[in-house]
Each structure stands twice: as structure tokens, then as C-alpha cells.
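One letter stands for each residue in the lines below.
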Amino acid sequence: LAKTTQPISMDSYEGQEVNITCSHNNIATNDYITWYQQFPSQGPRFIIQGYKTKVTNEVASLFIPADRKSSTLSLPRVSLSDTAVYYCLVGLFNNAGNMLTFGGGTRLMVKP
Amino acid sequence: DTGVSQDPRHKITKRGQNVTFRCDPISEHNRLYWYRQTLGQGPEFLTYFQNEAQLEKSRLLSDRFSAERPKGSFSTLEIQRTEQGDSAMYLCASSKHRQVNTGELFFGEGSRLTVL
Chain A
38 LAKTTQPISM DSYEGQEVNI TCSHNNIATN DYITWYQQFP SQGPRFIIQG YKTKVTNEVA
98 SLFIPADRKS STLSLPRVSL SDTAVYYCLV GLFNNAGNML TFGGGTRLMV KP
Chain B
383 DTGVSQDPRH KITKRGQNVT FRCDPISEHN RLYWYRQTLG QGPEFLTYFQ NEAQLEKSRL
443 LSDRFSAERP KGSFSTLEIQ RTEQGDSAMY LCASSKHRQV NTGELFFGEG SRLTVL
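Going line by line, the protein sequences match chains A and B.
Under the numbering used here, the first residue of the first sequence carries the number 38, and numbering increases by one thereafter.
Under the numbering used here, the first residue of the second sequence carries the number 383, and numbering increases by one thereafter.
I should point out that these hints are in silico values taken from the structure, not numbers from a laboratory.
Worth double-checking, as some hints may not be accurate.
[Claimed, not checked] In silico SDA-like links for lysine to any residue, alpha-carbon gap of 20 Å or less: (1) Lys40(A) to Glu426(B); (2) Lys91(A) to Glu486(B); (3) Lys40(A) to Glu486(B).
The structure displayed is predicted, hence computed values, not measured ones.
Between the sequences and the hints, there should be enough to build the whole structure, so can you do that?
Okay, structure coming up:
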């Protein structure tokens, strides 16, 4: 199973761009990279997913270098409501049952 | 609301009692997962179903834990003879099985268990 390493916590201010990097050195060829956001007392919520290069949606961008051993979640112009824990997941479910593994996540604190 | 729903949201019980949690997945999703999350930690995988078949169980799922999905729709997670270490948030998620499963899971709000 591909394991991930993220910073434990990050601080930012409203209006700034936040970049959270995740390392996944043993990512497998078929693994996708998925990011989730979790608020206290709620289940994780899917943010964005990618396989290689760059993916952008209305919430965030995901940058994946050619070697795919890391990925960076970019949140443009954060607000107080973006204060949450962000998880990077690497993995793929297949018929053999490989599981997605959540790491400890990155606790983002957005200050006014 | 057509998301994943879990019941109860909160459960307080005494050590040694049995508890059962229910999860209703998104209706067209044939995969259902159970995770456990303790304070300050990421969710830990417990088990998952494809339709009614339980395909994988984590070693975290001791003999006191049992999960079912009898008709491939809702699922239950039962914990027998609860211990204080079982106190956690129990999360259910669902997804639609595809040729390539990329890991987009839809989570419920969780069931918080407190064992006194």
C-alpha cells in the first residue's frame, strides 16, 4: 500500500493561496491521488483527484510532477471556512481489494 | 437528501454492552466501507462490501466487531462487549464500483461512540 507523508499542520491568512504537499514515494502505476477535506464532527469530503500533471476544479488545483512521487493541493484565496484537516490518499481499489489508506492529514488553520 | 446517512449520530454506552450502527449508502452505490476515527487521527479502514459480499476486513476488526450488508443496501456494524478503547467516530462511506476504482468515496456524518 502506498503510504503518504504530509505536514501535520499549516497556518495561513484569509485571501492567501495555500499549498499542501504530500509525499508518496512508493506510489504504484495504477494509483490515483485523491484529496479529502474534513471538518470537526463530520465525515471527510472529496475535494479533487488526479493521476498526473494538473487538475483543476471549482474548489482547488492539484499538481502532480512527472515522477508522481508527490502531489500538491493548492487552495486559492482561502477563507476562514477552509479551516479543516486535509487528507491525501493514494491508492486504487481493485478486485484484489487493495485499500485506500488515510494518513494523519494536514490541519490547516486560516486566520483573519 | 441523497447522501450517505448513519444512525445514530451519537451513542453513549457502558463498558460491556453491545452497540449497533446503521449505514444507508447512496442508492446506486454498490460498495460500502466502514472506517473508524479517533481524535486527531485519520480514518482507519475496518471493512468493505461489494453488494452483500464482505470482501476485506482489517486486522483492526477484532472478533467483537461484525458487519453485515444482507441485501446489498444498508449495512450494520455491531460491536459486542464494548471496551473503552472502542470509543471513536465510526464512519461509513460508499462508492460505485467501476472498472477502475479511483478512490472517490462519499462519507456519512459518522456515528460517535462513547464507552464509559
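Hints and how they fare:
1. Lys40(A) to Glu426(B): holds (13 Å)
2. Lys91(A) to Glu486(B): With a Cα-Cα distance of about 18 Å, the restraint between Lys91(A) and Glu486(B) holds, given a limit of 20 Å.
3. Lys40(A) to Glu486(B): holds (17 Å)
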